[in-house]
Amino acid sequence: MATFKVNGVEQNLDIEPEMPLLWALRDELGMTGTKFGCGIASCGACTVHVNGNAVRSCVTPVSAVEGAQITTIEGLASVAAGANPSAPDLSAVQQAWIDHQVPQCGYCQSGMIMAVSSLLASNPNPSDADIDSSITNVCRCGSYPRVRKAIRSLAIA
Amino acid sequence: MRINRRRFLLSSAVVGGGVLIGYSALKPSNHRRANAELATGGEHYVTSFIKIEPNNAITVYVPHSEMGQGVHTSLPMMAADELDAAWEDIIVEQAPAIDLFANGDLVKGFAGEFGLPGFLTGIVNASAVSIAELMNLQTTGGSSSVRFTGETAMRTAGAAARQMLIECAANRWSVARDDCSTELGHVQHNASGRSLSYGELAADAALLEPPENVTLKDPSQFTIMGKAISRVDIPAKVDGTANYGIDAHSEDMLYAAIRLAPVFGTKLVSVDAGDVLSRRGVKRIIELEDSVAVVADSYWRAKEALKGVKSQFESSDADTTSSADLFAGFERSLAEDKNSKVLEIGDAEDAMDSASDVIEGNYTVPYLAHAAMEPMNCTVHLHDGIVEVWTSTQDALGIKGRVAKIAGVAEDDAIFHHSYLGGGFGRRLPFNWNVIDHATLIAKEFDVPVKTVMSREDDMQQDYYRPAVASNFKAAFDANGEVQAWHNRFTGPIQTPGASHIPYAIPNKSIRVVDGDTHVPIAAWRSVDHSQQTFFTESFVDEVAHRSGKNPYQFRMEMLADHPRHRKVLEVAAEAAGYGENLPEGHALGIAVQESFGSIVAEVAEVSLDTNNRPVIHKVTCAIDCGWAVNPDTVEAQVESGIIYGLTAALYGEITIENGRVAQNNFPDYEMVRMADAPEIDVHIVESGEKLGGLGEPSTPPIAAAVSNGLYILTGQRVRELPLKNHDFSRSTPIAQV
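Chains as they are written, first to last, in our numbering: chain A, 1 to 157; chain B, 1 to 738.
Hints in this document: simulated from the structure, not taken from any laboratory. A few of these clues could be false.
Claimed, not checked - Mimicking BS3-like on lysine-lysine, the simulated pairs with C-alpha atoms at most 27 Å apart in a straight line are:
| id | chain 1 | residue 1 | chain 2 | residue 2 |
| --- | --- | --- | --- | --- |
| 1 | B | Lys691 | B | Lys217 |
| 2 | B | Lys725 | B | Lys691 |
| 3 | A | Lys149 | B | Lys227 |
| 4 | B | Lys303 | A | Lys5 |
| 5 | B | Lys405 | B | Lys267 |
| 6 | B | Lys691 | B | Lys568 |
| 7 | B | Lys550 | B | Lys619 |
| 8 | A | Lys149 | B | Lys619 |
| 9 | B | Lys550 | B | Lys568 |
Stated by the list, open to error - Quick look at which bits of chain A chain B covers, simulated, 3 or more residues with Cβ under 8 Å:
| id | stretch |
| --- | --- |
| 10 | 48–54 |
| 11 | 69–77 |
| 12 | 117–125 |
| 13 | 139–153 |
For every residue, glycine included, the Cβ atom is placed at its ideal position computed from N, Cα and C.
Please model the entire structure based on the sequences and the hints provided.
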C-alpha cells in the first residue's frame, strides 16, 4: 500500500512500490494536470512538489514519497493560499503566466509553473544564470522569453 | 469591402428564441440535408459560426484546432468585431467534428482564389488524394486559420448578423436602417436614443433571409481586431484543467503500449510473450500487422510488460541502410539528374560557361522529428454499435472518418471528442495515421475505452519526418563581379511548391528538383519545405553577396528592387538590430529574409562563440509583414515560437538512420533549445495593409540562415550542413566585413 498526501488529501493506493508517481497521479487518481513528456526526467513536464521541492514525477517511484506531501498543479493555488479564505484562485506564478500570456499549447506549462514556483520559493530574486540553470524544462512552443519575463515580474528586487 | 456570396450565408432559429447565423462553403442544399440529419429536440443547427441567445450571450463556434497558436481567440475576435459585440459577451466553443463544419470545402474554395495552400499540396502529393477528397477535412495547418477562415467566414458571418439585427430593430421602431447604429451588442436609434440588445432582437432575426450583400468594416472601424486581447485558452493552461487528448480518462479505461516495426515498412513475424500475461494488470497481447501491443489496466503496467515481450520483424532491404547511404543516394541522384523536374529555367547554363568566376556550395539538412510535447496518443471506445474517439489532432473530421472506417461503423455513428493539442507542428495533420489506426485496431478487441500512448521513444522513432535534403548551388559572376546566374539542384520530394525560388533579381536562374525518395516516411514539419530551402537559399545568397564584395544586407536590398515588402522588413529588422553599428567584442550579425504562407519575415541574429567555441545566439530581431495584425500579442508569440522551433533545428536537430531505423531515442540525444539557449527576441510588426498572411510558420524558415550567416562573419566558416552542433568552430578567423 502506498500512502501519501496529494494537495492535502490522503491517498492510500494498492499499487506496486516501483510505480512512478506520475502514473499513480494520472492513471490511478485520474489527476491529469501533471503531464507525461519523456519518461526519463529530461523534459520536466511531470514536475510536482514533494514536501515543497520540485521533483520530476516520471522517475520518482511511489516508494520514495511514502508519507510525503505532494502538491500538483491542481493544488498549487490552494497550497499557496493556506488558511487564508480571501486568497485569490491562482498563485502569483499562475497569475503572472496569464499576465504575460506565457502558454501556447500549454502542455509543458504545468511542469514549468511547478518548477518556477519552487525556484522562487528558495530564491526570490533569481539572476538570469539562476533561471538558466534551474529551469531546464522543455517547451516546444518556445515560451522561454515569456517565462523569463514572467519570472522577472515576480522577482523581489 | 463588399462581398456578394449570398448562397453561403444562412440563418435559423434556435430553441429559446435565439438565432444562428453562419457562413459556409457548403451549398445550401447540402446544408439543409445536414440540418435534417442533425436536428434534435427541435434545435436546428445551421452552418453556424455565431449563436445569439435572448440573454445576449453570443457563442462563436471555431472550426479549427487550438494548439497554442491562438485561433480560439483570434477567430472569435474577427466575428465579434464585425458583429459589434462586446468582447465580454463572447463565448467561444470548439465546433463539433461534423461535416457541417468541414473547412476542407472552404479550402477548396480558396484553392481557386489563392491557389491551393502549400501544406495541402503536400498531402495531395504524398497520398494521391484528389482535392475533392479534402472536402471532409477539418484541418488546421498551413498557417491558414485566420487568413482564410477568419477573413472570409468569421468576418462575413459577423457582419451579416449585424446587418440582420439592424434590420429587425429598424422594423420594430419603424425607422430607416441608416438611422440605426450598433455598439457593444446593442442596436441604437440615434435620433430617439432607443436601444435594443442583440438578444432582444435574435428571435426576429431568425425569421429574416441573410443579406445579399455584406459590407465588412474598414480597419479604421475596428474595435476588437488589432488589440492585444488575452487568449481564452490560457486560464485553463495555468491551473491544470486544460484537457488534452492524452488526458481522456475513465474508471474502466484500459491502456495500450505499442512496439511498431523499427525498420519502416516491415511486418511482424513472431512474438514471444514469456510470462507477461501473468503480470499484474495485463489483459492481452495484441499482434497487429506491423506491431505488437500490451493492454493493461495502467499505462505504466502496459509499458513495463511490453519490455518483457520479445518480437521479431521481417528482414528488409533497408536493414543495413544508414544516413550516410541515404545521403550518398542523394548525391547520385543529383549527379544523374534523376527524374529531374524543371522548376525555373533561365540561361543559367550559358551564363556559367561565359562567366569570369563561378562559386559552388553543396548543402544538406538531416531528417527531423516533430517532438511535440504531448506524445502521440489516441483513445477509442467501441460500444453499442458506435465508436467514440479522443485524440489531439489537426483534423478532427478526418480522424473521425478514419476511425469509423477501421472500426467498421458508419461515420454517423462515430463521435469525436475535442481537446487541446499538446503541440502540432504538422505531426498531427492528416495522413500521420500510425497511432490512430493502431489505437482503433486495439480498441476493437475490447468493450471499454482503450488509450494507446506512444512513449517518447516511440514518438521519436515512429514519426513522419521533415525530409532530409541535399541541395547543390552554383553562381556565376561577370568580369565586374556582378552575379549573372543562379543554378540550383536539390533532392525532393517537394511538399511546398515554390519554396526553393528566390526573389532576388539575378538575371538567369535554373532550379531543378531530382528524386530523393527513401524508405523514411515524411510529412509536413512547421513551415514545411521553407525550413530547409530557406537555410539553403539564404545561406547561398549570403555567399554570393560576400563574393560580390558587398555587405549581405546591402546586397539583398539592391537585389530586391521589385520587392518593396521584402525591403521594408529587412530595413526594419536591420535598423532595430543595430546593423552596421558597433557590436560587443566577439559578436556578429547575420541576416536572412523569406516569404512563406503569405507573410514576409526578416531576421537578424546576434551571435558569438562561448569559451568552448559553441555558438551563442544572444538576440534575434525580427520584422514581419503579415498584412495586418488581428491580435498583435498572438503575432509576437507565434513569431517567438517559430524562431525557437527553428533554432532548435539549427543548433541540435538531427535524426539519423542506422540499420534502417532511427538512432535517436529521447530528448538527451535529440536535444532541444531550453531557457539557457533561448535568445532575447525583438518582434516588429510591419503593417502593410496587404492581405492577411499566416503566422504559425513564417518565422521558422529564416532563423537557421540568419544564425549561420552571422557565424560566417565571426569565424570565416560557411556552414553548409545542419545542425550546428556537429561543427568545430575552434579554429576560426573572422572575415573582413564590407
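Cross-check of the supplied hints:
Of the supplied pair hints, the one linking Lys691 (chain B) and Lys217 (chain B) holds, its CA atoms being roughly 14 Å apart against a limit of 27 Å. Pair hint Lys725 (chain B) plus Lys691 (chain B) does not hold up; C-alpha atoms about 39 Å apart against a cutoff of 27 Å. A C-alpha spacing of about 21 Å is found between Lys149 (chain A) and Lys227 (chain B), which places the hinted pair at or below 27 Å, so the restraint holds. Pair hint Lys303 (chain B) plus Lys5 (chain A) holds up; C-alpha atoms about 26 Å apart against a cutoff of 27 Å.
Restraint check for Lys405 (chain B) and Lys267 (chain B): satisfied, since their Cα atoms lie roughly 22 Å apart, inside the 27 Å limit. The suggested pairing of Lys691 (chain B) with Lys568 (chain B) holds, with an alpha-carbon distance near 16 Å, which does not exceed 27 Å. Between the alpha carbons of Lys550 (chain B) and Lys619 (chain B) the distance comes to roughly 24 Å, so the proposed pair stays at or under 27 Å and holds. The hinted pair formed by Lys149 (chain A) and Lys619 (chain B) meets the criterion: a straight-line CA distance of about 15 Å does not exceed 27 Å.
At most 27 Å may separate the alpha-carbon atoms for a hinted pair to count; Lys550 (chain B) and Lys568 (chain B) meet this at roughly 19 Å. Judged by the Cβ-Cβ criterion of 8 Å, the stretch 48–54 of chain A is not covered by chain B as claimed, because only 0 of its residues qualify and three are needed. With 5 residues having a Cβ less than 8 Å from any Cβ of chain B, the stretch 69–77 of chain A passes the three-residue criterion, so the hint holds. Figure legend: the stretch 117–125 of chain A, annotated as covered by chain B; annotation inconsistent (0 residues with Cβ-Cβ distances under 8 Å, at least 3 required).
Evaluation of the coverage hint for the stretch 139–153 of chain A: fulfilled, as 10 residues show C-beta separations to chain B shorter than 8 Å, against a requirement of three.
In terms of the numbered hints stated before, the structure departs from hints 2, 10 and 12, listed from lowest to highest.
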